[in-house]
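Student: One-letter residues, chain by chain:
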Amino acid sequence: MKIDARKKVIASLVFSVLFIGLIIVLSFTIGEKGLETDHTMKNHSPSLLALFGTDSLGRDMLTRTVKGLKFSLYVGIVGSTLGVLIALFLGILAAVGGVYVDRVVMWFVDMFIGMPHLVFMILVSFAVGRGAMGVIVATAVTHWPALARVVRNEVMAIKKAEYILISKNTGKSRWFIVRKHILPAIFPQIFIGFVLLFPHVILHEASMTFLGFGLSAQQPSIGIILSEATKHISLGNWWPVVFPGLALIILVKCFDNIGSSLRILNNPQTRYL
Amino acid sequence: MSLKVNNLGFCYRPESWVFRNVSIEVPKGGRIGIYGNSGCGKTTLAKILASFISPKEGEVVVDGENQKREGFQPVQLIFQHPEKTMNPLWRMKDSLCESYVPEKSLLDAFGIRDEWMERYPIELSGGELQRFSIVRALHPETKYIIADEMTTMLDAITQASIWKGLLEIVKERNLGLIVISHEMAIIDKICDSCLNLEDYCHA
Numbered sequence: 141m142k143i144d145a146r147k148k149v150i151a152s153l154v155f156s157v158l159f160i161g162l163i164i165v166l167s168f169t170i171g172e173k174g175l176e177t178d179h180t181m182k183n184h185s186p187s188l189l190a191l192f193g194t195d196s197l198g199r200d201m202l203t204r205t206v207k208g209l210k211f212s213l214y215v216g217i218v219g220s221t222l223g224v225l226i227a228l229f230l231g232i233l234a235a236v237g238g239v240y241v242d243r244v245v246m247w248f249v250d251m252f253i254g255m256p257h258l259v260f261m262i263l264v265s266f267a268v269g270r271g272a273m274g275v276i277v278a279t280a281v282t283h284w285p286a287l288a289r290v291v292r293n294e295v296m297a298i299k300k301a302e303y304i305l306i307s308k309n310t311g312k313s314r315w316f317i318v319r320k321h322i323l324p325a326i327f328p329q330i331f332i333g334f335v336l337l338f339p340h341v342i343l344h345e346a347s348m349t350f351l352g353f354g355l356s357a358q359q360p361s362i363g364i365i366l367s368e369a370t371k372h373i374s375l376g377n378w379w380p381v382v383f384p385g386l387a388l389i390i391l392v393k394c395f396d397n398i399g400s401s402l403r404i405l406n407n408p409q410t411r412y413l
Numbered sequence: 220m221s222l223k224v225n226n227l228g229f230c231y232r233p234e235s236w237v238f239r240n241v242s243i244e245v246p247k248g249g250r251i252g253i254y255g256n257s258g259c260g261k262t263t264l265a266k267i268l269a270s271f272i273s274p275k276e277g278e279v280v281v282d283g284e285n286q287k288r289e290g291f292q293p294v295q296l297i298f299q300h301p302e303k304t305m306n307p308l309w310r311m312k313d314s315l316c317e318s319y320v321p322e323k324s325l326l327d328a329f330g331i332r333d334e335w336m337e338r339y340p341i342e343l344s345g346g347e348l349q350r351f352s353i354v355r356a357l358h359p360e361t362k363y364i365i366a367d368e369m370t371t372m373l374d375a376i377t378q379a380s381i382w383k384g385l386l387e388i389v390k391e392r393n394l395g396l397i398v399i400s401h402e403m404a405i406i407d408k409i410c411d412s413c414l415n416l417e418d419y420c421h422a
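Listed in order, the protein sequences are those of chains A and B.
The first sequence begins at 141 in my numbering and counts up one residue at a time.
The second sequence begins at 220 in my numbering and counts up one residue at a time.
Just chain A, with the same shape it has in the complex:
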């Protein structure tokens, strides 16, 4: 990496963090007023009064978009955190638990990867009883397999290191070794995996609400906004689709940026070049 490239990576990192921060701040400061229907304000195109325009019920699209993204972020945090925890547990279990445990766990991972993701999430959300809870649980329990495999391989690679074998031979327990030797060594991978899970979870949340699984129509969510807005696009109302869709894409891209920038900065081979 040349100096310029390094600056570019850091700049994109800073921009992404700022954008996500802006959405979080906005989502807490903007009032609920824009979510109320107002028939004097139906179908206004974007103006200074309503930056993102208003929809067919006179609701302010900026407010709806920000509130929708807030829900996306919430689902994203819960989904990625749970995904990382499950992946960590199963990945380490597979790597240190012996050959048979490894086979069983990897069989589960393969099974989960082999299943069509969206169909599986719809099934889970039905089983949990739909609603916001359904979306959260469905996204949380389906995003761990790829990361579990990464964790397992990382642990496999270092568990035969001499300093770990020595630690074992001086009578240290497996739990001590996992906690003090293995977890710190794989932490960068886990953190990057966590950040890179975000966009997946958020996009799946949006596609589930778009398809109508989960939230009721008046709750703000990017998926619901988009599915409503597609009905009005033939009337020439482009703004209810474009702005929320763009906001979602930028948010997802921001998380992706943070993940890839951290990966570049963390890798000793690309860090200083």
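No lab work stands behind these hints: they were computed from the structure.
Given the structure is predicted, the values throughout are model-derived calculations rather than measurements.
Treat the hints with caution; some may be incorrect.
Each computed DSS-like pair below joins lysine-lysine, with the alpha-carbon atoms no more than 27 Å apart [unchecked claim]:
#: 1; chain 1: B; residue 1: Lys287; chain 2: A; residue 2: Lys300
#: 2; chain 1: A; residue 1: Lys299; chain 2: B; residue 2: Lys275
#: 3; chain 1: A; residue 1: Lys299; chain 2: A; residue 2: Lys312
#: 4; chain 1: B; residue 1: Lys312; chain 2: A; residue 2: Lys320
#: 5; chain 1: B; residue 1: Lys323; chain 2: A; residue 2: Lys300
#: 6; chain 1: A; residue 1: Lys312; chain 2: B; residue 2: Lys408
#: 7; chain 1: A; residue 1: Lys312; chain 2: B; residue 2: Lys323
Starting from the structure of chain A, add chain B where the hints point.
Tutor: Chain B alone, transformed into the frame defined by chain A:
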């Protein structure tokens, strides 16, 4: 009281023996040298004795008991490459004090300086790291020490000072010592008896 090896055999692939029928007995306080060409299984034997890997044949008996898998191993191995035996993310004091806290006199005997304690392994030289790994192996419960090419990568003066320190403690605590080396000079100087591992090779 001895470290006893009965008819030990090991192979990485079935029926392709690295060595077979190895029998050694190291009494407490005794010193035995093991030598042989590269690739004749010296390090493999050391790892079996220190319970890093299991033998395919035979048994290792430590002070009358069969070698156990769990808990502290009374046979401790000092590796050839000290940089691989330290967790790169830990400060030296954490690596050193992982299993016990050594006394100041022990650190002085190997010339370990206080200022090294706060450093990471990458910031110390091979000889400095090797001192740490020796002190770490000299746990109060250690009964036998295996030095696997312990000083091969060091200059003559450092070699001599490290061996001097180790031998004093081995004598003081009456530990059994197995020296694995290419250099007959070291084995001749230190050991009571020696063994050529090539005699047991079934290549």
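Student: State for each hint whether it applies.
Tutor: Hint check:
Pair hint Lys287 (chain B) plus Lys300 (chain A) holds up; C-alpha atoms about 19 Å apart against a cutoff of 27 Å. At most 27 Å may separate the alpha-carbon atoms for a hinted pair to count; Lys299 (chain A) and Lys275 (chain B) meet this at roughly 22 Å. A C-alpha spacing of about 14 Å is found between Lys299 (chain A) and Lys312 (chain A), which places the hinted pair at or below 27 Å, so the restraint holds. Between Lys312 (chain B) and Lys320 (chain A) the CA atoms are separated by roughly 14 Å; this keeps the pair inside 27 Å, and the hint holds.
Pair hint Lys323 (chain B) plus Lys300 (chain A) does not hold up; C-alpha atoms about 32 Å apart against a cutoff of 27 Å. Between Lys312 (chain A) and Lys408 (chain B) the alpha-carbon distance is near 36 Å, which puts this suggested pair outside the 27 Å criterion. Proximity of Lys312 (chain A) to Lys323 (chain B) is assessed by CA-CA distance (about 24 Å); at most 27 Å being required, the pair is judged to hold.
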